[in-house]
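Quick mapping for you: the protein sequence lines, in order, are chains P and Z.
Using the working numbering, read the first sequence as starting at 515 and increasing by one per residue.
Using the working numbering, read the second sequence as starting at 90 and increasing by one per residue.
Treat the hints with caution; some may be incorrect.
Label-pair distances were calculated between CB atoms; the ranges are [stated by the list, open to error]:
#1 P/W757 - Z/L468: 40 to 48 Å
#2 P/Y718 - Z/T517: 42 to 50 Å
#3 Z/K409 - P/E633: 37 to 45 Å
#4 P/G689 - Z/P505: 53 to 61 Å
#5 Z/E157 - P/G659: 52 to 60 Å
#6 Z/K422 - P/Y600: 41 to 49 Å
#7 Z/E191 - P/E643: 47 to 55 Å
#8 Z/T517 - P/K753: 54 to 62 Å
#9 Z/T464 - P/G659: 19 to 27 Å
#10 P/E643 - Z/G196: 47 to 55 Å
#11 P/Q626 - Z/E470: 26 to 34 Å
#12 Z/L468 - P/N632: 32 to 40 Å
These are calculated hints, taken from the structure and not from any lab test.
Glycine included, C-beta positions come from ideal geometry on N, C-alpha and C.
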Amino acid sequence: MLKIKDLHASVEDKEILKGVSLEVKPGEVHAIMGPNGSGKSTLASVIAGKEEFEITKGSILFEGEDLEDVSPEERAHKGVFLSFQYPVEIPGVSVTNFMKTAINESRKARGQEDMPANEMLKLIREKSEMLDIDRKFLSRSLNQGFSGGEKKRNEIFQMAMLEPKLAILDETDSGLDIDALRIVANGVNKLKSKDNAVILITHYQRLLEYIIPDFVHVIHDGKIVKSGTKELALELEEKGYDWLKKEPVA
Amino acid sequence: MDLKDKLVSSFMAFENNVDVDHPIHDIRSEAIKNFEVKGFPSKKEEAWKYTSLNSLQKVDFSIFPKEENALEYHQVKKYFLHEIDTYKIVFIDGIYSSYLSETTHDGVDICLMSAALTKPMYKPVIDVYFNKVASKEESLTTLNTAFSREGAYIYIPKNKAPKKPVEIIHFATGNEATLMLQPRNLIIVEENAELQVIERHQSLTANEVLTNCVTEIFAARNAIIDYYKVQNDSSKASLIDNTYISQKDNSVVKVHTFSFGGKLTRNNLNFFQNGEHIDSTLKGVTILGEKQHVDHHTLVHHRQPNSESHQDYKGIYGEKSTGVFNGKIIVDKVAQKTNAFQQNNNVLISDKATINTKPQLEIFADDVKCSHGCTIGQLDEEAMFYLQSRGIPRKEATGLLMYAFANNVLESVRIPELKKRINKLIATKLGVRLGFDL
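Okay, chain P solo, but in the shape it has when bound (with noise of 0.2 Å):
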């Protein structure tokens, strides 16, 4: 599904991604993990399709297409899907209104009608049940005045509006309570199948205690040191990183 060869990724001439492989098959759930500052969120972005930032060298592909020249817009249309760490604020938009706006532009791009307002509605109630969101958050200006939680569990419920083959979830446990974690990590679970893929990113274990990764690797200094299965990340868990630090790798 997700190829990624020898990934160069700066922004401002400061290189951040230093040669990033890593290979993302349907029904996959990675987790990436790695200290602050070792490029983390930059490779989620960089898949998203974040201008900010060049490709100096290397591919990403997505279904066996190159993204080089493909809008983050149409990244979306194609299936990919970002959780972001910090959402943005919408004054005046709604989050159902936003919800609308973003479906019936992926279905437009797809050459399809607008999603009728019966159907919108029932798929609405049915993903806010899921993830445990009461109707009125719903009418709520998209993040503004969310909580910590709620900006996450509201991502997590576009990520089930939207299906996507692809999701990155960056930090999506950051500021999270252990009831609000159990409820983020219940609702991606429920969205997992065979035919999609879960990336996710994150500085603690603590995630993947509810959402068992299939693969784990160590990002440091702009590239993946370590790869292993979920046992890695408890490794992680007892040493802490600083040994990334004391054994620099070449």
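Given the coordinates of chain P, assemble chain Z onto it according to the supplied hints.
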């Protein structure tokens, strides 16, 4: 002959059609003298630094419309807030249209300035209020005073509130190749009374129109006034709006100005606080494109203690449009415990658009809270990426972000149908399909 000379010499012709023995005519005569001395303001004056009236002065405007022109309601329905019932004071090429209007004398007076200026029963009110808050120095205001004859007259007695909002609409039909209009409005809201007004100037053709409008508003103790100015005129229509508001104790006056079109628009909005515990609110949303120009000059003069003023102007400038915001706040020495807030935020969505923004604070009291802030920015790329990553294309995302940017100014609009209309106008103006009903 330039426009100034033409206007001054037209005054004699004007005198043939009005009662020169009426005391109002002395006021007119004084006013034309002032205009004759001062003429049109030039860019050399600080207040007109960024707005030039030169090209307008070269147009050979027709000053008195030659004949009446009729309009059918269905031709102009869309310019009315037709979703709800309203009182209507409608003018076509400066001439009152009784056919399109709906006035009243039922407990309140919602009618015509021409009647108020000529009929004896209105004289006591006219004597007290006419030309009492409007400037006697500012040249364009005095030009309007000199030719004051027609416009809206609204008098709301103590403890009264009309059942529905009042729409004041001026249509220009293009019957004349060029037309200059000078409406004069007088609005008095007595103690504990309330009023909602929507004002609009609308040209229906591509012919050149210049409107120099003066509105005087008096809010007595505890009066509540909501005034909405909808400026979405054709690209050949220019408007100089001079609004003067006098407020007494505990009154609340809110003026919202929605500037979405027109060739040149100058809004001179002046609040004078003549009492305590007053709330003055000035809000504006400006969305411009083409080579349109809007200049907001606001003044809030705090003359007594314990009052507040709130200003919030948002501007979105595209293509080659230009904007000006000049917000002046004066706090007199006696006006202690004044709270005066001013905010002007702008977004430029084109490299060729310009905005000049300037706060001007003159504070003579020492125990006051005044804040002002202005920003000029481009689009927030972080927010843009967020929307794009949800599948919303850049153009639609721009619209959505701009919509969100302007939206909070609308929160204080108290007529829901008007709010909906303005929301739709904003969406249309930004050229986007929002993907949902507003």
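Each hint, compared with the structure:
A beta carbon spacing of about 43 Å between P/W757 and Z/L468 agrees with the range 40 to 48 Å that was offered as a hint. Between P/Y718 and Z/T517 the beta carbons are some 48 Å apart, a value that agrees with the proposed interval 42 to 50 Å. The supplied range of 37 to 45 Å is met by Z/K409 and P/E633, whose beta-carbon atoms lie about 44 Å from each other. For P/G689 and Z/P505, the hinted distance range of 53 to 61 Å is not satisfied, since their beta carbons lie about 37 Å from each other.
For the pair Z/E157 and P/G659, the supplied restraint of 52 to 60 Å holds, since their beta-carbon distance comes to about 55 Å. Between Z/K422 and P/Y600 the beta carbon distance is about 47 Å. The supplied range of 41 to 49 Å therefore holds. Distance hint for Z/E191 and P/E643: a CB-CB separation of about 50 Å, consistent with the stated range 47 to 55 Å. The hinted range of 54 to 62 Å is satisfied by Z/T517 and P/K753, whose Cβ atoms lie roughly 59 Å apart.
Range check, Z/T464 to P/G659: about 21 Å between beta-carbon atoms, so the 19 to 27 Å window is met. For P/E643 and Z/G196, the hinted distance range of 47 to 55 Å is satisfied, since their beta carbons lie about 53 Å from each other. For P/Q626 and Z/E470, the Cβ-Cβ distance of about 29 Å falls inside the hinted range of 26 to 34 Å, so the restraint holds. For Z/L468 and P/N632, the hinted distance range of 32 to 40 Å is satisfied, since their beta carbons lie about 35 Å from each other.
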